[in-house]
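Protein chains: 2
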Amino acid sequence: MLSQRLRNDALRQRIVSAEEACTWIEDGMTVGISGFTSAGDVKVVPSALVERVKKEGKPFKINLYTGASISAADGLMAEAGIINCRLPYQSDRRMRKAINRGEVHYLDQHLSHTAEMLRSGAIHTIDVALIEAIAITEEGHIIPSTSLGNSHIYAQQAQTIIVELNLAQNLALEGLHDIYDPGEQGHRLPIPLTSAGQRIGSTKIEIDIEKIKGIVITNRPDFTSEMTPPDAETEQMAEHLVQFLMEEVEQGHLPKHLEPLQSGVGSVANAVFYGFLKSDLTDLEVYSEVLQDSVFELIDAGKIKVASGCAFTLSPARYGQVMSNLDKYRDRIVLRPQEMSNNPGIIRRLGLIAINTALEVDIYGNVNSTHVMGTQMMNGIGGSGDFARNSRLTFFCTKSYAKDGKISSIVPMVSHVDHTEHDVDVVVTEQGLADLRGLAPRQRAEQIIEHCAHPDYRPQLRAYLEEASALGGHTPHVLEKALSWHVRFQQTGTMKDETTVH
Amino acid sequence: MLSQRLRNDALRQRIVSAEEACTWIEDGMTVGISGFTSAGDVKVVPSALVERVKKEGKPFKINLYTGASISAADGLMAEAGIINCRLPYQSDRRMRKAINRGEVHYLDQHLSHTAEMLRSGAIHTIDVALIEAIAITEEGHIIPSTSLGNSHIYAQQAQTIIVELNLAQNLALEGLHDIYDPGEQGHRLPIPLTSAGQRIGSTKIEIDIEKIKGIVITNRPDFTSEMTPPDAETEQMAEHLVQFLMEEVEQGHLPKHLEPLQSGVGSVANAVFYGFLKSDLTDLEVYSEVLQDSVFELIDAGKIKVASGCAFTLSPARYGQVMSNLDKYRDRIVLRPQEMSNNPGIIRRLGLIAINTALEVDIYGNVNSTHVMGTQMMNGIGGSGDFARNSRLTFFCTKSYAKDGKISSIVPMVSHVDHTEHDVDVVVTEQGLADLRGLAPRQRAEQIIEHCAHPDYRPQLRAYLEEASALGGHTPHVLEKALSWHVRFQQTGTMKDETTVH
Ligand SMILES: CC(C)(COP(=O)(O)OP(=O)(O)OC[C@H]1O[C@@H](n2cnc3c(N)ncnc32)[C@H](O)[C@@H]1OP(=O)(O)O)[C@@H](O)C(=O)NCCC(=O)NCCS
Ligand SMILES: CC(C)(COP(=O)(O)OP(=O)(O)OC[C@H]1O[C@@H](n2cnc3c(N)ncnc32)[C@H](O)[C@@H]1OP(=O)(O)O)[C@@H](O)C(=O)NCCC(=O)NCCS
Numbered sequence: 001m002l003s004q005r006l007r008n009d010a011l012r013q014r015i016v017s018a019e020e021a022c023t024w025i026e027d028g029m030t031v032g033i034s035g036f037t038s039a040g041d042v043k044v045v046p047s048a049l050v051e052r053v054k055k056e057g058k059p060f061k062i063n064l065y066t067g068a069s070i071s072a073a074d075g076l077m078a079e080a081g082i083i084n085c086r087l088p089y090q091s092d093r094r095m096r097k098a099i100n101r102g103e104v105h106y107l108d109q110h111l112s113h114t115a116e117m118l119r120s121g122a123i124h125t126i127d128v129a130l131i132e133a134i135a136i137t138e139e140g141h142i143i144p145s146t147s148l149g150n151s152h153i154y155a156q157q158a159q160t161i162i163v164e165l166n167l168a169q170n171l172a173l174e175g176l177h178d179i180y181d182p183g184e185q186g187h188r189l190p191i192p193l194t195s196a197g198q199r200i201g202s203t204k205i206e207i208d209i210e211k212i213k214g215i216v217i218t219n220r221p222d223f224t225s226e227m228t229p230p231d232a233e234t235e236q237m238a239e240h241l242v243q244f245l246m247e248e249v250e251q252g253h254l255p256k257h258l259e260p261l262q263s264g265v266g267s268v269a270n271a272v273f274y275g276f277l278k279s280d281l282t283d284l285e286v287y288s289e290v291l292q293d294s295v296f297e298l299i300d301a302g303k304i305k306v307a308s309g310c311a312f313t314l315s316p317a318r319y320g321q322v323m324s325n326l327d328k329y330r331d332r333i334v335l336r337p338q339e340m341s342n343n344p345g346i347i348r349r350l351g352l353i354a355i356n357t358a359l360e361v362d363i364y365g366n367v368n369s370t371h372v373m374g375t376q377m378m379n380g381i382g383g384s385g386d387f388a389r390n391s392r393l394t395f396f397c398t399k400s401y402a403k404d405g406k407i408s409s410i411v412p413m414v415s416h417v418d419h420t421e422h423d424v425d426v427v428v429t430e431q432g433l434a435d436l437r438g439l440a441p442r443q444r445a446e447q448i449i450e451h452c453a454h455p456d457y458r459p460q461l462r463a464y465l466e467e468a469s470a471l472g473g474h475t476p477h478v479l480e481k482a483l484s485w486h487v488r489f490q491q492t493g494t495m496k497d498e499t500t501v502h
Numbered sequence: 001m002l003s004q005r006l007r008n009d010a011l012r013q014r015i016v017s018a019e020e021a022c023t024w025i026e027d028g029m030t031v032g033i034s035g036f037t038s039a040g041d042v043k044v045v046p047s048a049l050v051e052r053v054k055k056e057g058k059p060f061k062i063n064l065y066t067g068a069s070i071s072a073a074d075g076l077m078a079e080a081g082i083i084n085c086r087l088p089y090q091s092d093r094r095m096r097k098a099i100n101r102g103e104v105h106y107l108d109q110h111l112s113h114t115a116e117m118l119r120s121g122a123i124h125t126i127d128v129a130l131i132e133a134i135a136i137t138e139e140g141h142i143i144p145s146t147s148l149g150n151s152h153i154y155a156q157q158a159q160t161i162i163v164e165l166n167l168a169q170n171l172a173l174e175g176l177h178d179i180y181d182p183g184e185q186g187h188r189l190p191i192p193l194t195s196a197g198q199r200i201g202s203t204k205i206e207i208d209i210e211k212i213k214g215i216v217i218t219n220r221p222d223f224t225s226e227m228t229p230p231d232a233e234t235e236q237m238a239e240h241l242v243q244f245l246m247e248e249v250e251q252g253h254l255p256k257h258l259e260p261l262q263s264g265v266g267s268v269a270n271a272v273f274y275g276f277l278k279s280d281l282t283d284l285e286v287y288s289e290v291l292q293d294s295v296f297e298l299i300d301a302g303k304i305k306v307a308s309g310c311a312f313t314l315s316p317a318r319y320g321q322v323m324s325n326l327d328k329y330r331d332r333i334v335l336r337p338q339e340m341s342n343n344p345g346i347i348r349r350l351g352l353i354a355i356n357t358a359l360e361v362d363i364y365g366n367v368n369s370t371h372v373m374g375t376q377m378m379n380g381i382g383g384s385g386d387f388a389r390n391s392r393l394t395f396f397c398t399k400s401y402a403k404d405g406k407i408s409s410i411v412p413m414v415s416h417v418d419h420t421e422h423d424v425d426v427v428v429t430e431q432g433l434a435d436l437r438g439l440a441p442r443q444r445a446e447q448i449i450e451h452c453a454h455p456d457y458r459p460q461l462r463a464y465l466e467e468a469s470a471l472g473g474h475t476p477h478v479l480e481k482a483l484s485w486h487v488r489f490q491q492t493g494t495m496k497d498e499t500t501v502h
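Residue numbers (the numbering used here), protein chains in the order written: chain F, 1 to 502; chain R, 1 to 502.
No lab work stands behind these hints: they were computed from the structure.
Just so you know, not all the hints are guaranteed correct.
Pairs involving identical chains hold if they fit within one copy or between any two copies, as the list cannot separate such chains.
In silico DSS-like pairs for lysine-lysine, Cα to Cα no more than 25 Å straight-line [to be verified]: (1) Lys481 <-> Lys305; (2) Lys278 <-> Lys58; (3) Lys481 <-> Lys406; (4) Lys496 <-> Lys481; (5) Lys481 <-> Lys61; (6) Lys278 <-> Lys303.
This structure is a prediction, so every number in the text was calculated from the model and none was measured.
Work out the full structure, taking the sequences as your base and the hints as a guide.
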């Protein structure tokens, strides 16, 4: 019944088609949309906009702000060439191409920074916010769906709001959200959150009802895709990592229930969580961005007490199971805005354990998570920096090699730096694990080469370290060779150097 | 009168000579000492230790933890070869050399991280804490002198404490300190600080009196040195920066009194603050690490309302003037532990304006503040990362060139990354200023080359950018040439490329 979804009768007047709503978005505008991964993104206005612009055939570009990556709309809009500036994260093949051609100005941001930048006027203000909702209250407040991301700050800052009211999203999502607005910098009270599951805010996005210009009714579940299943190597990484945590518990460095866990999107993170299933750990907590399949399995198994995130990122089967059993998870799940899930002060206060993924790591522990061969953007830094810098214990995982061994993911110098060695405690590959805490650069290099690098590349890495160390320096390098592995790959198709004596 | 300084009579029994106290420090121990810059460091036990070890002629090494850099003791100990591991910051010529030879294992840390790492067991625990005090209370609590740094966490975590009771430090320093201990991660309440001048803690380091094993009486003022006076170029940088801030105020992006200011040590920072003297800004606040001469001049001129730091870093003349007029500054000054002055959550809450210095910046806005030619450690990252990442507005300043123009401080790719482009809002050189907020990498490169690079190097930089952009990518690079400027300098003594057509 629509009245459950649209609880203010007057708002019925504002129901419009996607085709009409999209005409309110004008050339040059900045549009903030809901969506964090394919959870809770807007589903029909973006494609209607693309259709309209194609039909009109006039020059048209907007700035597109999201929570993080979104589903198909990113690719559609990139392909149509209607994006001027895009922030703060994406992972779409077509968007990525447009970015790497220099056609889309991509602002790759720490996910906790976007809201602050809007408040301080550092980036374009929002003209139109496009938000998916499960309902709109009597007062005109928006009840979001399967993600929160940046929806609340976009709605708050926008001149005009268009709501996509999605009848396919379960109304039982109401109450899972916890929307806290810290207010202006310089005039803030301390954020009162002191535990992962605590509720400190509103369950609705509270905005002035007059800003809602139109409501588009939709009826499509989130796009979901299968999770890459763990393979032998991600399972090995997970084993190393879980074993390390157990040892930290034994040594009294971590409590038995660990500390709240953050994990990046992807198969490694999922494998690690599945690793906990087999362990005898209990009373775990999660304070992360995305809540993936494994989180719900661990809740079902009685291992996770509470999980906080800013989006549900589920496989098709799990999406159905979770959405039809929301009451079962109600007391164990909190969805927060990304400036709360990724808040530096809170991450530090709670003392998180952060598990993220690298493309490549250098022998000194610097991490590249974004730029293939130093130049081609993959996705973006996402929240990895928020967590890596501020957590109590920070892991970076990567397979020791890529492209069938033609690339070593352990290199003399990373071709791009996202996380400096200061923010990297432990490096994990399928080969093993290097605990870098308390080590100086030369000591780190030994640990990383001997424990994390693929055996095929160890002799080359040792040779580099030896040559560099002879030249001296706190962080020894042979500058003319520091990036030579990447250059060799570009020129010969492999990082392997046939001249190194094995 | 000693009784004002040593307020518990029983403690008189524990007065010892430096020579005796230093025998309690054994081979393999970890020693945490007071001192942040040359303010409030311990003055006699380290040199007594060096003497003793020389005399004994036995193998002897300790791990040395401080607040930040200290005065002569660092060099003495490095020269004597008695340091195994050193953290978290240093700036001594002899220590630097030992680090760069790989003899001292240097852990270059974000200054806010050290205390957390001690709490979580990530680094060696403290055996002996050596703390300078102006007095010890009846309860055995320590009243620190001209800096706080890490003194409180070292004293708290140590097995044994040795106090250097310095009669030359003014007793009127009592009451200026504000020592707040956030407690264990995961069991913390929000830190209640909501304004730069607020007091939230104790004026003493509260420890168990029984841990005080010895008290050494000293009578030496802090070592002070002349500040490098601003030259034409640092003055130009300061002008660009102050003008930019005034424009931000005019545009309504910043309030008239700005936001609390942080500035690194050094002449640029000082010049910027002198720039404020000439401006009509008032009611300024400072939330920084070191309080330098200019802060006190601005207080005297009625421009700074309140200044929070973790150390006084003053010139000889200013040291005398401030120390003999402490009552005048009493309501305007707060000294905090460095985990508070540099706390990510507080920096973000207060919305600071951060001004730090780079050695080199690349065309995309990545900053190297520590490693000359990518390898030789200069000082360390210090607190620059704590501030750059979390402030509302982050500046990095550098002269556009070094070594008489043989080095360009604007390069295609920095040879070491301390701050990624995500954490750099504005780059300032004597040439001008590049506002990078809201810009994608290729756009940033244009701003930096045209506004910040030295004209002599602009053609070379433009040629690099053009060649790189033709290859494509979000952050275009020609990998085989990315570090070629540094290699050229090493090989030919200049970064200038005579083959570039001007
Ligand atoms: C780093 C990141 C791209 C890894 O993703 P992943 O899916 O786990 O990793 P994969 O091993 O499948 O690698 C992805 C691709 O990169 C390639 N790759 C991996 N390592 C590489 C390297 N060192 N050099 C070049 N390419 C590499 C892989 O071959 C694969 O290519 P393909 O897509 O053509 O098959 C991803 O985790 C990411 O975007 N992270 C940054 C954001 C983040 O951390 N978010 C979560 C925190 S909140
Ligand atoms: C970066 C830093 C070293 C600059 O120091 P500074 O005294 O302001 O800078 P100067 O211009 O005098 O340069 C210092 C030296 O580096 C050299 N230098 C400067 N730029 C250089 C470059 N791009 N390449 C090589 N050497 C360079 C200078 O020639 C000078 O050498 P000298 O000592 O032989 O004369 C200093 O600010 C620092 O250590 N910063 C990191 C920590 C920090 O930011 N702390 C405060 C925040 S809380």
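Do the hints match the structure? See the list:
Neither within a single protomer nor between protomers do lysine 481 and lysine 305 lie at most 25 Å apart by alpha-carbon distance, with minima of 50 Å and 52 Å respectively. In this assembly of identical chains, lysine 278 and lysine 58 lie within 25 Å of each other by CA distance neither inside one copy nor across copies; the values are 58 Å within and 51 Å between. For a Cα distance limit of 25 Å, the shortest separation of lysine 481 from lysine 406 qualifies both inside one copy, at 18 Å, and across copies, at 22 Å. In the homo-oligomer, the alpha carbons of lysine 496 and lysine 481 lie at most 25 Å apart both inside one protomer (14 Å) and across protomers (21 Å), since each shortest distance falls under that limit.
In this assembly of identical chains, lysine 481 and lysine 61 lie within 25 Å of each other by CA distance neither inside one copy nor across copies; the values are 43 Å within and 35 Å between. When the C-alpha separation of lysine 278 and lysine 303 is checked against a cutoff of 25 Å, the pair qualifies only within one copy, where the shortest distance is 10 Å, while the shortest distance between copies is 62 Å.
The earlier numbered hints that this structure contradicts are 1, 2, 5.
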